[in-house]
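**Student:** Next come the chains, spelled out residue by residue.
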Amino acid sequence: MNTLKRYQIWIALAVLVLPILARGLWFYRGIPSHPKIQAPDYAGASIPQPPISTAVPETTSTLSGKVVVLDYSHINLYDPSDIQAFVSALTRRGARVEFDNGYPYLFDRLKYASAYIVISPTTTFSADEVTLVGQFAQRGGRLIVFADPTHGIYDSDYISGNIVMISDVNAANTLLESFGITFANDYLYNLVENEGNFRNVLFTRFGEEALTQGLGQVALYGAHSVSAENGKALIAGDESTFSSLTDSSKSPLSGFGQELVAAALSADGSALAIGDSTFLMPPYNQVADNGLLVGAIADFALSGTRTHTLADFPYLFARQANLLIVGDLQMTADLLAPVASLQSALQWTNTSLLVAPKTVSGSDTIVLGLLTPSDDLDRYTNTFDLGLEDSASITIPGFGQIGRPGIGLMLYKPGVVSNTLILLTDLPEDLPMLISLLASGDMSACVIQNNIGVCSIGYSGSTYDTTPPGEELQPTETSTPSG
Amino acid sequence: MKLGNQEITWEQVRHILLWIALPLIIGVLIAAAVPKPVIGLIHLNDAIYSYSAQDMIAQINYAREHPEVRAVVLVMDSPGGTVADTEAVYLELLRLRQAKPIVTSVGSMAASGAYYLSVGSDYIFAKPTSEIGNIGVIGYLPPSPIIFEDIISTGPYKLWGSPRDTYVREMEMIKQGFYQAVRLGRGGRLEVGPETILRGQIWPGSEALRMGLIDALGAESDAVAKAAELARVGHYQAADLYDLAGVQSSSSAFFYQSPEGITMPYPKEPGLYLLYIPPLPVEK
Chain D
1 MNTLKRYQIW
11 IALAVLVLPI
21 LARGLWFYRG
31 IPSHPKIQAP
41 DYAGASIPQP
51 PISTAVPETT
61 STLSGKVVVL
71 DYSHINLYDP
81 SDIQAFVSAL
91 TRRGARVEFD
101 NGYPYLFDRL
111 KYASAYIVIS
121 PTTTFSADEV
131 TLVGQFAQRG
141 GRLIVFADPT
151 HGIYDSDYIS
161 GNIVMISDVN
171 AANTLLESFG
181 ITFANDYLYN
191 LVENEGNFRN
201 VLFTRFGEEA
211 LTQGLGQVAL
221 YGAHSVSAEN
231 GKALIAGDES
241 TFSSLTDSSK
251 SPLSGFGQEL
261 VAAALSADGS
271 ALAIGDSTFL
281 MPPYNQVADN
291 GLLVGAIADF
301 ALSGTRTHTL
311 ADFPYLFARQ
321 ANLLIVGDLQ
331 MTADLLAPVA
341 SLQSALQWTN
351 TSLLVAPKTV
361 SGSDTIVLGL
371 LTPSDDLDRY
381 TNTFDLGLED
391 SASITIPGFG
401 QIGRPGIGLM
411 LYKPGVVSNT
421 LILLTDLPED
431 LPMLISLLAS
441 GDMSACVIQN
451 NIGVCSIGYS
461 GSTYDTTPPG
471 EELQPTETST
481 PSG
Chain H
1001 MKLGNQEITW
1011 EQVRHILLWI
1021 ALPLIIGVLI
1031 AAAVPKPVIG
1041 LIHLNDAIYS
1051 YSAQDMIAQI
1061 NYAREHPEVR
1071 AVVLVMDSPG
1081 GTVADTEAVY
1091 LELLRLRQAK
1101 PIVTSVGSMA
1111 ASGAYYLSVG
1121 SDYIFAKPTS
1131 EIGNIGVIGY
1141 LPPSPIIFED
1151 IISTGPYKLW
1161 GSPRDTYVRE
1171 MEMIKQGFYQ
1181 AVRLGRGGRL
1191 EVGPETILRG
1201 QIWPGSEALR
1211 MGLIDALGAE
1221 SDAVAKAAEL
1231 ARVGHYQAAD
1241 LYDLAGVQSS
1251 SSAFFYQSPE
1261 GITMPYPKEP
1271 GLYLLYIPPL
1281 PVEK
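These protein sequence lines are chains D and H, in that order. 122 is the number that the numbering used here gives to position 122 of the first sequence; each next residue is one higher, with no gaps. 1106 is the number that the numbering used here gives to position 106 of the second sequence; each next residue is one higher, with no gaps.
Derived by calculation from the structure, the hints in this document are not laboratory data. Just so it is clear, CB atoms sit at the ideal spot from N, CA and C, and this is done for glycine as well. Incorrect hints may appear among the rest.
Which residues of chain D face chain H? A few of them, derived with a C-beta cut under 10 Å, are [as the list claims (entries may be wrong)]:
#1 Q8
#2 I9
#3 L13
#4 G24
#5 P40
#6 A45
#7 I47
#8 Q49
#9 P51
#10 I52
#11 N200
#12 T204
Here chain D is said to cover these stretches of chain H; the calculated rule only asks that three of the stretch's residues, wherever they fall, bring their Cβ under 8 Å from a Cβ of chain D [unchecked claim]:
#13 1171-1178
#14 1230-1240
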């Protein structure tokens, strides 16, 4: 009986469970597995810190006395206060910094400047400006151009309403073209290793130049890539540095797979192009070796040795100049007024002009004389190989034979220790005019070839009434066409 | 009583009823109480910001607390949103995922923060042209600190939040967290490295599949079926958790509205975002 009961209980239980089991199995096909879920290590994340600055206090003690002109006349996208650290680096080296806002003209500023620095221009340079800067660089001036992809003008297109972005690259390239340097309208980035953001690229590859000496790591904060034909790459990216134009580590400006470069020097070493200017500004100038680079750029700006030509007057003399009269010429009342204006013109350049009875060794000299051969004069003009023997004309290298009447000659002789400017006319009456021309700075009446200027000055003397009395030209008969 | 040629007594009938029919009825009644499994659907058709995040978290909590919800399908169509709200939803999703499988079905877009949430699921479906990715952070830099004559604060960044430079670095830290989430979520399924993923690019679904950013191309119903498979359920009902959780709808405008009433694709307030902002037309 007990056994029967036990069976009955088991059957009852089985019957009870069966529908539950059936429904359960209808819905559920097994026990789901639960993978181990891991959350990101948020607590272990930290804010990336910039590389430690290696900048050391500068010990520069030599005062250069040179002038650096900073372009501010091409709608440049920077604020002078932004680059104060760079300006300070220049002034610590004894340079005087001038911001060129259009007046005085660049033509005049580059006569005395040692370096011309352009930062993010947005209006193009004229052909005249390009020529001027090219000549400036040929004569020992330094050109430094910064562009920056984070600088640009955003405007709205009047018709479409689209946002228009004006980059600094186009304007900068008009100036750099003649130096064989081109900025790409891109930005460099590095996703693998960077300075807090993909567009802040750390550079460790440097070309061997004075500009990069001692650099171990430099951070640029949004940089255009640069291409320099036959030039020198100064700061180059590694294989994980990409250009935004190609998303690759090859230069977008070259079809030959050249590396990406953020700073380059022209082939002749006179022009430097850097694709970033943010690193000049605090706090970025204090990251890694950026401070060192800023100092090196300041050194580069002042490293040129300017050679002057006559066209650079009145910036030909760096010290006191002595006025010397040679040959048969004598100081007269006619000469005093022009000499005084010459003195005034030179005062603008902090050069004092003193009349001296004889040559002062090691001093700059302005020589006044006549176009007649003399031992005194020959001492100054022998290097120019002038032919003064003919009474009707003179021979000037590069110009050939030129008639004497109405001619004024300016000869500039730069020297290692001192410079000499020689002013010569055929007649003493013409000399005041030549001096006045020079003092006014208006050389439009002069043909200047390197250091020789030939001027037409014939107002007071020889161009008028140069024919001896009694030898006036008589009218001659001419045949009348027949018929 | 006769059953065939066998005589069944009432005593025996009583026994059968007592020991078979009654337990069967009780068993059927108990079985009826076994709930039909639910595949819960959580929709995100908006940016991720405080209100939408609260709604999602309420639904996630419901799914976690209700055993009949055997799996969850995130139906995603979002450009992302704020950093903190995205992280809040993501962490809740991870908690849920420890108990129940989660599958994502991407509609037209799972960008930035929305993709952040997607990698918190076990499996991701998308359409061939769904927009996937945009992994990264975006933000507006605070102004450079200045002082005013009439506004006094007790520290240089009381007014500005943080230095501009630090702000950039914070973004990098957030990005690393995002990348870690992608790496942990996708694991060995990722076919590309950080140099590709962290470009912030947005890819079509088919390309995202090749890169291992998603698992399959498919419809929402495929996602529901996959969720059921992962939850090991054979027969189920798919139900919108928004209704089941009784979420009280509340919202505020996240995107900037122009004075003309046009909704722009960027947020109305400055800040840090895991957000895809479609490119504004820019001419060079």
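**Student:** Indicate, hint by hint, whether the structure satisfies it.
**Tutor:** Now the hints, each set against the structure:
no.: 1; hint: Q8; result: holds, 4 Å
no.: 2; hint: I9; result: holds, 8 Å
no.: 3; hint: L13; result: holds, 7 Å
no.: 4; hint: G24; result: holds, 6 Å
no.: 5; hint: P40; result: holds, 4 Å
no.: 6; hint: A45; result: holds, 5 Å
no.: 7; hint: I47; result: holds, 5 Å
no.: 8; hint: Q49; result: holds, 7 Å
no.: 9; hint: P51; result: violated, 13 Å
no.: 10; hint: I52; result: violated, 15 Å
no.: 11; hint: N200; result: holds, 8 Å
no.: 12; hint: T204; result: violated, 18 Å
no.: 13; hint: 1171-1178; result: holds (count 5)
no.: 14; hint: 1230-1240; result: holds (count 7)
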